[in-house]
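A.B. asks: As a plain string of letters, each chain reads:
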Amino acid sequence: MILIGERINGMFKDIREGILNKNPEPIRHWAKRQMESGAHYLDVNTGPTVEAKDQPAIMEWLVNICNEAAALPCCVDSTNPDAIEAGCAANKHGKVMINSTHADQWKMDLFLPMAAKYNAAIIGLAMNESGVPKSASDRAALAMELVVNADAHGIPMEDLYIDPLMLPCNVAQEHGIEVLEAIRQIKALAPGVRTTMGLSNASQRCTNRHLINRTFLIMSMAVGLDSAIADVDDSELVDAVAAANVLLNKDIYCDSFLKTFRQR
Amino acid sequence: MAVTIAKERWTSKVNELVLGAEPNAIKVGGDGTLPFLFFEGDMPNRPVVALEVCDMEPADWPDILKDAFAGVLGDPVAWAKKCVEYGADLVCLRLSSAHPDNKNASPEDCAKTAKAVADAINVPMIVIGCGVEEKDAEIMPAVGEALAGKVALLGCATPNNYKTITAACMVSGHSIIASSPLDINLAKQLNILITEMGLAGNRIAIDPLVGALGYGIEYAYSIMERSRLGALTGDKMLAMPVICFVGQEAWKAKEAKASRDETPEWGDQARRAILWEVMTSTTFAQASGAIFVMRHPDSLKQFNAHVAKMMEPVKY
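As you go down the protein sequences, you meet chains A and B in turn.
Convert by adding 2 to the 1-based position in the first sequence; the result is the number in the working numbering.
Convert by adding 6 to the 1-based position in the second sequence; the result is the number in the working numbering.
Okay, chain A solo, but in the shape it has when bound (with noise of 0.2 Å):
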């Protein structure tokens, strides 16, 4: 399971700051403590106050400041292209992460030679310009679409991580076992392409998000998820995900699961 940690946002009140008085320290210090938790890779964001011409040399600031602190790579996630681009010429450690394209023509084909170019791994959303598909078929076929144009470019597929896209289950909660099911249809149709999801959408504005968290995931690793962007610094969600590890044969079981997970 790969755990990417969602904390480096500009969403969240402290790195927003960080970001407006160029103050490295929240960032330096929930990249360290990301890596302490548990988390493979660094999702960074700018978030949506950075004014778009800002952006790529916010974005770059950020990969830079997170690969001093930890020896991660970055999930480069912007809506900008021109920010990935930066995001993914400054990450320094291991294999960038392009975070998205959406499985869109014109943006696959913007951000696949992107991805080529970088030696980068890439979040396809299972979405186009139509919305959010409401069943597991239409996420499927999207998938197949994404996983087709990777091919083209020669992205191999452990490169490609689909999103099938979790949306809240207090506004959205037929999607739940739509998410499921597009999950175990995409990795029965496109065997060695990765799963992915935003973790934390499914209990967006929800009461016991953790609880909710917690449990989506555990059911959607059963189907074959193999990595999120979650929150890494609940430390119950990344202990039921090395319980899971173990459960389902990837990580050969020790009396000291629960620590080795954490060890890279």
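Fair warning: there could be bad hints in the mix.
[Stated by the list, open to error] Which stretches of chain B does chain A cover? Using the computed rule of at least three CB atoms under 8 Å from a CB of chain A, they are: (1) 194 to 201; (2) 237 to 246.
[As the list claims (entries may be wrong)] Not close to chain A: a few residues of chain B, all C-beta gaps over 12 Å, as computed: (3) Val9; (4) Ile11; (5) Pro29; (6) Leu43; (7) Pro50; (8) Asp69; (9) Lys87; (10) Ser178; (11) Ile190; (12) Ala276; (13) Lys321.
[Claimed, not checked] Once the Cα atoms are required to be at most 20 Å apart in a straight line, the calculated EDC-like pairs of lysine to aspartate or glutamate come out as: (14) Lys261/A x Glu144/B; (15) Lys109/A x Glu70/A; (16) Lys242/B x Asp16/A.
Since the hints were made in silico from the structure, they are not lab data.
Built from N, CA and C at the ideal position, the CB exists for glycine as well.
Take the given structure of chain A and dock chain B to it, following the hints.
C.D. replies: Same frame as chain A, now just chain B:
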């Protein structure tokens, strides 16, 4: 039509373990593939063989074994030299005399023997105790100190005595054998405990306590293979080379011990007994064994001939 060879891609490697000091150092492990699958990854080091030396005349060895070491059985130094003559990559000294039921030899006596053997040979040493956990914990610090600078492999550490043996290895620059009874979970946990004390992962050899052909070899094979798959997919706590104490198992099998008179249908005892040791070893080489502790010099020869063939590069 050309045949496409299906290839696995592995993300990690087995640790490379260095045994002995320069210029006599040898390396084991370092594999980035399942054994001998050179088209999928590197296998930089071939499996190596240690011949076993006891610090007292072994009571339970059959004549076929004793004959190969006639004249040196009571003398560990001469015996070790004989092993090197026979072509052993390493010598494995077993300190049987430390056993309370034998001579209950003191740590100092054990250390003296180990030092004398190490000084007499130009191959790396493995030193194992008498198998009584508490006693081995007593003797290994003294043995480790006496062998400082020789970069030996000391054992066998169990969950009950690993602390002292690990400390001895750290202080005197040796590596450790971590034993667990055919249990991958316990093997992993013991490696964690040892590395938590500060001994690096590339200074541990896993001893899965294998059985001989006909005595649960399939089970040992599966455990070793699973452990290797774990290592190749990134499990650092299983990425240690495996040591197989084949001699002690093969030579206690009734197929090795029974004479031709007892079992005429089994054929010549010497041929059969040596084959038993060789077949057990080659099977474990295929399962990912890296260090083989054997007893008969002919077994060593036959095993090496097999390994030389297996190490030939493949064409695809």
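A.B. asks: Compare the structure with each hint and give your call.
C.D. replies: Hint check:
1. 194 to 201: holds (count 3)
2. 237 to 246: Coverage by chain A holds for the region 237 to 246 of chain B (4 residues, Cβ < 8 Å).
3. Val9: 21 Å, holds
4. Ile11: Non-interface label stands for isoleucine 11/B: nearest chain A Cβ at 17 Å, farther than 12 Å.
5. Pro29: 36 Å, holds
6. Leu43: 20 Å, holds
7. Pro50: Nearest chain A Cβ is 24 Å from proline 50/B, so the label holds.
8. Asp69: 43 Å, holds
9. Lys87: 42 Å, holds
10. Ser178: 27 Å, holds
11. Ile190: 6 Å, violated
12. Ala276: 41 Å, holds
13. Lys321: Lysine 321/B is indeed farther than 12 Å from all Cβ atoms of chain A, at 26 Å.
14. Lys261/A x Glu144/B: 31 Å, violated
15. Lys109/A x Glu70/A: 31 Å, violated
16. Lys242/B x Asp16/A: Judged against 20 Å, a Cα distance of about 36 Å means the pair is violated.
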